[in-house]
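Asks: With these hints in hand, go ahead and build the complete structure from the sequences.
Keeping their order, the protein sequence lines are chains A and B.
Going by our numbering, the first residue of the first sequence is number 1, and it counts up by one from there.
Going by our numbering, the first residue of the second sequence is number 284, and it counts up by one from there.
No wet-lab data here; the hints were simulated from the structure.
C-beta: ideal position from N, C-alpha, C; glycine also.
Please note that the accuracy of each hint is not assured.
[Claimed, not checked] Label-pair ranges, simulated between beta-carbon atoms:
id : chain 1 : residue 1 : chain 2 : residue 2 : range
1  : A       : 188       : B       : 366       : 53 to 63 Å
2  : A       : 94        : B       : 563       : 32 to 42 Å
3  : B       : 291       : A       : 208       : 39 to 49 Å
4  : B       : 298       : A       : 223       : 41 to 51 Å
5  : B       : 329       : A       : 21        : 20 to 30 Å
6  : B       : 378       : A       : 12        : 31 to 41 Å
Listed here are the chains, written in short residue letters.
Number of protein chains: 2
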Amino acid sequence: MKLVKTVAELQKIVKETKKAGKSIGLVPTMGALHEGHASLIKAAHAENDFTIVSDFVNPTQFGPTEDLDAYPRTLEHDCKLAEEMGADVLFAPSPKEMYPSRDMTWVEVTGDITKVLCGRTRPIHFRGVATVVSKLFNLAQPDKAYFGQKDAQQAQVLKRMVKDLFFPLEIRVMPIVREADGLAKSSRNVYLNKAERSAAVILSKALAKAKAAFEAGERDSAKLIALVTEMIQTEPLSNIDYVEMYQLPDLTPAEKTVTADHLLAVAVKFGTTRLIDNIILQK
Amino acid sequence: MKLVKTVAELQKIVKETKKAGKSIGLVPTMGALHEGHASLIKAAHAENDFTIVSDFVNPTQFGPTEDLDAYPRTLEHDCKLAEEMGADVLFAPSPKEMYPSRDMTWVEVTGDITKVLCGRTRPIHFRGVATVVSKLFNLAQPDKAYFGQKDAQQAQVLKRMVKDLFFPLEIRVMPIVREADGLAKSSRNVYLNKAERSAAVILSKALAKAKAAFEAGERDSAKLIALVTEMIQTEPLSNIDYVEMYQLPDLTPAEKTVTADHLLAVAVKFGTTRLIDNIILQK
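Replies: See the structure below:
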């Protein structure tokens with residue numbers, strides 16, 4: 001596996017790879033790779049001739065009070081894991097490489113899809129994501145790009161961006177990878193102290209309970225939301241940002257009585273650490 | 284030459300063309316093709332294996348009081364001219380094909396480059412241009428894309444967009460094509476009545492005078508601007524929107540004493556028709 005730090009070098013490699021007629025899989029990450037990322041890289045490697053993993057903590061998707069500086073950076077570990085999972089290139093550019101101009105060129109998906117859920121408290125987040133992912137798409141020119149279902153809203157936003165701007169690629173969304181006790185794998189889990197780590201398991205438990213209720217026939221969206229909210233609130237260390245349901249794919253308002261596919265998503269703080277998790281309720 | 288009206292059909296043709304290892308030239312137009320466009324198509328045909336001309340009056344780059352409905356549509360003529368110049372495909376989609384979602388995904392180049400000149404009176408114009416051209420780039424996947432120097436600011440904005448978002452292609456900017464008396468070819472020239480048409484020649488005359496002064500050694504930007512302004516004002520039917528100079532490539536403020544490459548650009552109304560023209564002052 002090759003560690004690539006400049007745009008020019010990546011462009012050269014991609015040009016040669018395309019010329020050789022190889023298919024390309026891209027796994028965009030912010031580094032601090034864990035088993036969730038590993039599953040994406042493994043899938044990319046299985047489904048494509050050439051796998052590029054990007055490893056870039058993207059400043060434009062962090063708000064001014066968010067954890068940009070604290071975000072874990074583990075490049076050496078990331079290289080090892082990406083190589084083990086079959087990556088051909090790990091692309092780890094500097095912010096200056098990715099943002100060459102003083103003024104920005106933004107890519108922005110508008111509408112409810114970026115305003116609800118995390119978009120409400122993180123108003124610039126998805127503009128930063130759409131912008132950096134557009135750059136990565138144009139650099140890596142992938143046939144398929146891999147994202148985790150853990151960031152459910154991000155996956156929907158990027159699918160919409162690909163549809164609207166006609167990017168010639170397929171977005172593959174892979175299932176959430178969880179710890180043994182159910183906590184969704186996240187680079188931010190390292191922020192949790194011991195008590196918060198134990199408490200955080202309530203998210204997956206509450207969502208699993210809603211899924212079980214749904215599968216047993218509960219179709220009242222308000223009741224499903226209440227069930228999750230009340231269960232999370234039994235955990236004293238939890239501080240709910242949202243527990244919400246939206247229709248897929250465009251995150252339009254939930255039906256009162258669920259008949260179509262819905263996303264049930266939560267964002268909850270434990271101390272200063274904000275965690276997200278979700279399930280899809282499929283008719 | 285094939286007339287293509289759907290995104291799906293264009294995607295199929297592009298996929299086959301890329302697979303065959305052919306290079307692709309793209310000429311994005313709003314139709315109403317004239318000799319200026321013809322020169323772009325001719326260049327694309329000469330420099331690439333396969334030439335795609337798009338013919339789409341893009342609604343998102345027109346302001347609410349602008350000439351979207353009046354804009355000339357001449358599809359039959361466009362097909363004939365594009366074919367004569369060597370185009371392989373004329374892509375003439377409906378607005379619904381190009382904008383499939385209710386909400387927009389925008390591409391926007393920010394900073395002075397889109398705020399000066401036409402950006403001041405047409406605040407949403409370049410966002411619409413950047414968005415539709417991004418879509419066309421992703422659809423046609425060109426090696427080279429062709430634009431006219433007549434729309435000088437548009438060319439600079441798109442070069443910046445390509446640089447910032449890493450589109451894997453080259454922007455080729457071709458010289459202004461003029462009528463025998465000097466008027467720059469434009470699809471909007473058909474709006475001019477006979478008196479306005481005669482009056483409009485003052486633009487190219489004034490710019491040519493500034494160029495001659497520059498070549499004779501005049502380096503004072505204020506004097507060069509005044510020279511153009513005063514000459515245009517001798518024409519009673521003219522109504523100046525702007526006469527301005529900016530440094531290339533990013534349209535930063537002009538130097539007081541010119542040492543680098545500058546754009547000297549004008550926008551002037553004749554009746555209700557707004558015309559633009561420009562020259563580059565090259566050191």
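Asks: Work down the list of hints and note, for each, if the structure agrees.
Replies: Now the hints, each set against the structure:
At about 58 Å, the beta-carbon gap between residue 188(A) and residue 366(B) stays in the expected band of 53 to 63 Å. At roughly 33 Å, the beta-carbon separation of residue 94(A) and residue 563(B) lies within the given 32 to 42 Å, and the hint holds. Take residue 291(B) and residue 208(A): their Cβ atoms lie about 41 Å apart, and the range 39 to 49 Å holds. Roughly 48 Å separates the CB atoms of residue 298(B) and residue 223(A), a value that falls within the hinted 41 to 51 Å.
Separated by about 27 Å at the C-beta atoms, residue 329(B) and residue 21(A) satisfy the suggested range of 20 to 30 Å. The hinted range of 31 to 41 Å is satisfied by residue 378(B) and residue 12(A), whose Cβ atoms lie roughly 39 Å apart.
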